[in-house]
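Novice: Based on the provided sequences and hints, a complete structural model is requested.
Here are the chains, one letter per residue:
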Amino acid sequence: MQLESMYQEIILDHYRRPHHKGLREPYEAEVHHVNPTCGDEVTLRVHLVGDVIEDVSYESLGCSISQASASVMSDLVIGKSVKDAMTIGDEFLALMQSRGSVEPDEDVLEDAVAFVGVSKYPARIKCALLGWMAWKDATSRALETAS
Amino acid sequence: MVALPALLPEELKKDFPILSRTVRGGRPLIYLDSGATSQKPRQVLDAEREFYEQRNAAVHRGAHLLAEEATEAFEGARATIAHFIGATDVREVVFTKNATESINLVAYSLSNAATSGSSASRFLVGPGDEILVTEMEHHANLVPWQQLCQRTGATLRWFGVTDEGRLDLSQIDELINERTKLVAMTHQSNVLGTVLPVQEIAAKARAAGALIVLDAAQSVPHIPVDVADLGVDFLAFSGHKMLGPSGIGVLWGRYDLLAAMPPFITGGSMIEVVRMEATTFMPPPQRFEAGVPMTAQAVGLAAACDYLTELGMDRVAAHEHALTEYGLAKLAEIPGLRLIGPSTAESRGGTLAFVVDGVHSHDLGQVLDELGIAVRVGHHCAWPLHRRFQAQATTRASLYLYNTLPDLDALADGVREAQKFFGTV
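So the sequences go chain by chain: L and E.
Going from the first sequence to this note's numbering is simple: count from 1 and add 323.
Going from the second sequence to this note's numbering is simple: count from 1 and add 52.
None of these hints come from the bench; they were simulated from the model.
Note that the coordinates shown come from a computational prediction; the quantities given were computed from them, not determined experimentally.
The beta-carbon is built from N, C-alpha and C at its ideal position, and this holds for glycine as well.
It cannot be assumed that every hint is accurate.
If you only want the chain L side, here are some residues facing chain E, beta carbon under 8 Å, derived [unchecked claim]: (1) 326; (2) 360; (3) 361; (4) 362; (5) 384; (6) 385; (7) 386; (8) 450.
Derived DSS-like pairs (lysine-lysine); straight-line CA-CA distance at most 27 Å [what the hints assert, rightly or not]: (9) L:449 / E:382; (10) L:403 / L:344; (11) L:443 / E:472.
Specialist: Laid out in structure tokens, this is it:
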């Protein structure tokens with residue numbers, strides 16, 4: 324069965340015990356994103372201190388892939404500069420669009436390398452990107468507020 | 053496996069080339085997503101191919117032989133389809149892209165009535181008027197009416213749904229009143245499977261002077277439908293859900309209404325006289341068929357009607373009823389599974405939607421897909437209905453004439469396998 328390649332243990336662990344979940348204060352921007360094909364949704368807040376992503380907090384409803392991806396994303400971006408976090412986000416997007424053809428860089432993507440199996444299933448890529456897209460959106464809004 | 057007497061022969065699957073292909077890891081395909089779109093028998097594919105190979109031309113224009121034969125094929129298809137739904141007047145069958153477009157045609161015609169002079173005044177809606185729908189509608193029979201209300205200032209109201217997944221008729225005498233201009237409802241829910249008491253509601257709506265639109269996208273493919281019996285004014289369905297090609301749908305409407313309605317999409321083919329200043333329009337159905345129509349698709353849909361007629365819609369309905377009873381019983385045995393919709397097969401079609409504790413429908417669908425079982429996951433274009441049942445998403449198995457009892461065994465086994473995989477049992 325190919326299922327294990329999609330649902331790697333790392334993903335199931337994040338799904339069962341998501342990191343940084345829950346909405347917290349303070350924050351500069353809050354967004355609500357949905358996946359209109361399935362109804363999965365996330366409400367996500369970003370708190371910036373200067374150029375650093377101090378916190379990402381979120382509430383979400385959805386499948387294991389979307390939930391685990393939001394959790395992994397929060398681990399990866401919290402504490403990073405906006406620029407570095409955006410680079411990681413781009414790398415993750417490239418991985419998702421690779422249809423499993425690229426070898427993910429574990430130094431950059433850490434737990435997110437586990438999503439390589441998801442990239443082989445076009446219908447699930449949006450699930451994996453839901454949290455990331457919300458984070459990107461919230462971060463650019465937070466930057467706009469700051470400037 | 054003991055075959056139930058009502059079941060159609062399993063050899064039927066052989067008419068559908070796609071059902072013999074394999075999927076993930078070489079597994080045989082078990083197709084349980086006919087509510088989204090049906091598979092096509094060879095007879096339909098052959099009819100389309102024969103049209104393109106022998107008779108293809110633009111219809112209702114041109115004087116050459118092919119144009120003549122293509123027009124005959126197209127209008128012949130209209131007659132076959134009209135007969136299939138019990139319409140005695142072929143002019144009452146309007147070809148559209150799909151059921152969604154059919155419903156939009158009515159909704160836009162109603163708002164176009166505001167600028168179409170006194171002849172269209174009976175279709176006027178505005179502030180103070182009410183449009184009545186149900187909470188179980190597919191977005192295709194909800195959003196066009198929301199939008200019509202936005203454009204015209206009319207008020208949208210709706211029937212609720214009971215916990216069992218039936219239409220809540222307790223408020224019917226208040227919901228249908230002298231302000232009700234139009235009632236739009238589904239014949240058979242694409243999620244719950246529930247078949248609505250259309251005649252009862254239509255009779256009350258008619259007494260109140262309201263127009264009645266029936267979304268029959270999930271009924272015409274599965275049960276005998278006779279427009280004369282139903283008592284509705286308009287009926288919409290799609291070809292692709294009833295063994296026919298994609299890209300073709302039907303709006304059936306009472307001729308006197310169609311004849312008084314302003315057009316929706318305008319352009320070639322639907323005109324009578326065009327001058328630079330103004331244009332007059334053809335009578336129905338041409339008035340509503342602008343541009344070169346979907347001709348091979350009409351021929352294909354007529355072939356689908358012939359296929360269904362040959363089997364007999366009574367037998368198709370009995371087959372699906374037997375499968376539904378069996379499927380409901382199989383699913384009821386699974387701990388942690390909650391069915392969304394009536395738990396008995398009474399007044400109910402073969403649409404089995406459910407949630408499984410601890411396994412999101414996307415994840416469940418993925419496990420089933422791995423086993424070769426195609427189901428639909430998500431909200432199935434009925435988001436308000438899912439909200440009503442506190443279900444963020446459901447898994448839906450939808451049956452058709454080519455499904456078998458082993459297909460349902462595989463579904464039940466697959467659900468249990470997903471529960472094991474995600475460690476919920």
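Novice: None of the hints should be skipped; say for each whether it holds.
Specialist: Hint check results:
no. : hint          : result
1   : 326           : holds (5 Å)
2   : 360           : holds (6 Å)
3   : 361           : holds (4 Å)
4   : 362           : holds (5 Å)
5   : 384           : holds (5 Å)
6   : 385           : holds (7 Å)
7   : 386           : holds (4 Å)
8   : 450           : holds (6 Å)
9   : L:449 / E:382 : violated (32 Å)
10  : L:403 / L:344 : holds (18 Å)
11  : L:443 / E:472 : holds (23 Å)
Against the hints set out earlier in the document, a violation occurs for number 9 only.
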